[in-house]
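Enquirer: Protein chains in written order, with my numbering: chain A, 1 to 167; chain B, 1 to 182.
Think of the hints as simulated: they come from the structure by calculation, not from any bench. Don't take every hint at face value.
[Stated by the list, open to error] Below 35 Å or equal to it, Euclidean Cα-Cα: the simulated DSBU-like pairs (lysine-lysine) are:
1. 136/A - 119/A
2. 136/A - 141/B
3. 141/B - 60/B
4. 141/B - 119/A
5. 60/B - 119/A
6. 136/A - 60/B
This one's a predicted model, so the numbers in the text were calculated from it and none came from an experiment.
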Amino acid sequence: MNIDPFLAWVESTALSQWVIGSPSMFAFPGILTFHAIGMGFAVGISAALDLRILGVAPGIPLADMRRFMPFLWGGFWMNAVSGVLLLIGYPTKALTNPVFYLKLTLIGVAMALYLRISKQAFGKTSNDGGISRSLKRLAIVSLVCWASAITAGRLLAYTYHRLTQLH
Amino acid sequence: MDIHQFQVWLVRTIGGQSPIADLMRTHWAWPIAESLHFLGLSLLVGSIGAFDLRLLGVAKRVPIAAVHRFIPWGLLGFAINITTGTLFILTEPDQYIYNPSFHFKLLFMTIGGINAATFYLTSYRRVFGPDAPLDAPRRAKVIAAISLCAWMGVITGGRLLTFYRPSACEGPQTALLLTCAP
Numbered sequence: 001m002n003i004d005p006f007l008a009w010v011e012s013t014a015l016s017q018w019v020i021g022s023p024s025m026f027a028f029p030g031i032l033t034f035h036a037i038g039m040g041f042a043v044g045i046s047a048a049l050d051l052r053i054l055g056v057a058p059g060i061p062l063a064d065m066r067r068f069m070p071f072l073w074g075g076f077w078m079n080a081v082s083g084v085l086l087l088i089g090y091p092t093k094a095l096t097n098p099v100f101y102l103k104l105t106l107i108g109v110a111m112a113l114y115l116r117i118s119k120q121a122f123g124k125t126s127n128d129g130g131i132s133r134s135l136k137r138l139a140i141v142s143l144v145c146w147a148s149a150i151t152a153g154r155l156l157a158y159t160y161h162r163l164t165q166l167h
Numbered sequence: 001m002d003i004h005q006f007q008v009w010l011v012r013t014i015g016g017q018s019p020i021a022d023l024m025r026t027h028w029a030w031p032i033a034e035s036l037h038f039l040g041l042s043l044l045v046g047s048i049g050a051f052d053l054r055l056l057g058v059a060k061r062v063p064i065a066a067v068h069r070f071i072p073w074g075l076l077g078f079a080i081n082i083t084t085g086t087l088f089i090l091t092e093p094d095q096y097i098y099n100p101s102f103h104f105k106l107l108f109m110t111i112g113g114i115n116a117a118t119f120y121l122t123s124y125r126r127v128f129g130p131d132a133p134l135d136a137p138r139r140a141k142v143i144a145a146i147s148l149c150a151w152m153g154v155i156t157g158g159r160l161l162t163f164y165r166p167s168a169c170e171g172p173q174t175a176l177l178l179t180c181a182p
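The shape of chain A in the complex, shown without the other chains:
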């Protein structure tokens, strides 16, 4: 499927040109910064939950970790929004790079794992006397997924083939 016309159209929009061309700190540089901070919270809090499951800070009742999760979601949505804006700014750079699809897949898997983990960790009505071995395995896979997603994201800058369709 030839997506070049679609890429050209996105790049021709005012929003796209604002993202990449505006001298405002809130355009490209600001969006990237927002994206880095969102990543810190989304991955960081998810990692904190995974670490707790793996035995770090055992004095925290597992169910109480739930209180930190709004910050994970805050980071996730910060990155969904800023990610879409970045995509609108450089659609060709992202959508013609296989590593971008890998990154999105890894994030999808990591979030799916998080939903599964949180269901098991926070859904328990009994005390968290036993954190099952399967939950610990999920926590490890979660950490690996996030680490891979971050790496894929960083490698985008080094692996893209085409920067733009139009200009």
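Since chain A is already given, all that's left is putting chain B on it; use the hints.
Expert: Here is chain B on its own, set in the frame of chain A:
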């Protein structure tokens, strides 16, 4: 020796021609180091951030000392970033030492460091003592808020590095810190 002269001396002394620099200039070294840098920052924000959030009242039922057990992992993240960061500076010293965004990054790191020291020197005993409250004292909350802001500042300073790369100096440089390559 004034600050500008110190910066120039630092860049010249570091040089950027060491075996470490040679390693960092191979094809994958820099991307891998950057990826580790981002992993470290996530670990740091998640761990130290979780503790700061607890001080600010999140998960108020949990003893503050229990959440403090995350801190070593935050320090691990910090150690990963100091290491990878040093590798970057050793390879391209001028790109950092003359970069105003890097100056701000260092400033926020310093604020974070002084802030953390203040916490351990003042609030620690009250917050971790035998009758530690679940609601942290006001001073500890202020420290926690400053901590979060400082690390956001460090991330911002780091992300904006590429937009403030130093170019060749033109004309007299009168700012406190040199922000161009002489």
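Enquirer: None of the hints should be skipped; say for each whether it holds.
Expert: Each hint tested on the structure:
1. 136/A - 119/A: holds, 14 Å
2. 136/A - 141/B: holds, 33 Å
3. 141/B - 60/B: With a Cα-Cα distance of about 13 Å, the restraint between residue 141/B and residue 60/B holds, given a limit of 35 Å.
4. 141/B - 119/A: Status holds; Cα separation ~31 Å.
5. 60/B - 119/A: Roughly 22 Å separates the two Cα atoms, so the pair holds.
6. 136/A - 60/B: holds, 25 Å
In terms of the numbered hints stated before, the structure departs from none.
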